[in-house]
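Working from the sequences, and respecting the hints, build out all of it.
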Amino acid sequence: MSKSRIEENDSHLKRGGKKKKRATLKIILAVLLFLVLVIGAVGGKVYFDLKTAVTKAYVNPPTQMTSVSLKKKEAFTTAILGISKIDGKDVLVSADMAATNPRLQQTTVINLSTSALLSDNQSLLTLYNSGGEAAVIKEMENLFQVKTNKFVRIDLDQMGELVQAMGGVSIQNANEFTAQGFKFPQGTVALNNTKEVAAYFTRLNTGDTKKAFARQQEVVMAVLSKLKSPLLLIRHYGQILTAFPKVFKTSFNFGNVKALVLNYRGALSIKKINIHSSKVAGQSEVTAISQANLDLAKEQFQESLK
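So for the sequence shown, my numbering puts the first residue at 164; every next one is plus one.
In short, the hints are calculated from the structure, not lab data. Mixed in with the good hints, there may be bad ones.
Distance ranges between label pairs, derived from CB positions [what the hints assert, rightly or not]: (1) L431 with P348: 33 to 39 Å; (2) I433 with T218: 23 to 29 Å; (3) E462 with S432: 20 to 26 Å; (4) E339 with S432: 37 to 43 Å.
A virtual CB, placed ideally from N, CA and C, is assigned to each residue, including glycine.
Structure representation (structure tokens):
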């Protein structure tokens, strides 16, 4: 595949990708922590509701996963992919590999740019376009020489379901605009339901992609901030559990979640491994990740599993 073709595919994603990838990862860990707190603190109907939500969110992974025993407190890896639609087509927005290690009491995360060229002159984005989630996971396994144990997919376009479940969020809108019958003034904007969030995420024209995803980023961060409130969780746990399987699909089953409660509570603190990319000479819109940077990240990530 030529660099010009890669550049064309990757043009959808020029939007401050590192910040977004970190935000999506924090969202899934925040929700996971919420599930852990609920299952660890209550029983009865709440327990049943949690089991129902996790069961609905369960999916078979897109490729074969390597088995791991969470009951035996083994370190494990999770591939976390964030997906959004552009012009009706699913686009890979974020790709993270996480290593959760109860011995180290931490989860180590690699933030890998989806648009940067890798050593084979392809990006994760172009791999996703041709081979889907399975191709992306296989590539990350090859890059870091690890096996994947668990899988999480985040539908970023469904984030409005969480917003509505939480009773709404307030964000700072950079530029006034109107979309789908809603007017969004510059400054503080309250988003209360899925229709308002969908309108706020609207791409106004072909040149608005970057701004549209920046708006999405603002909502993701507002959701993350609000999820930290214990009072919110008490008031809206039912609605949040209903929204959970709409936003997240995962190969964690209910038994896995119970094992996480018992064995991995202390391992939800995050350590980040950032892989830097550089501009390609003569290609102002194209970046690449050097093999040296990939090898260093691989070494650090493998250490996090020991």
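Tested hints:
Checked against the given bound of 33 to 39 Å, the beta carbons of L431 and P348, roughly 38 Å apart, stay inside it. A C-beta distance of roughly 27 Å is found between I433 and T218, which places it inside the suggested range of 23 to 29 Å. The hinted window of 20 to 26 Å between E462 and S432 holds, with their beta carbons roughly 21 Å apart. For E339 and S432, the hinted distance range of 37 to 43 Å is satisfied, since their beta carbons lie about 40 Å from each other.
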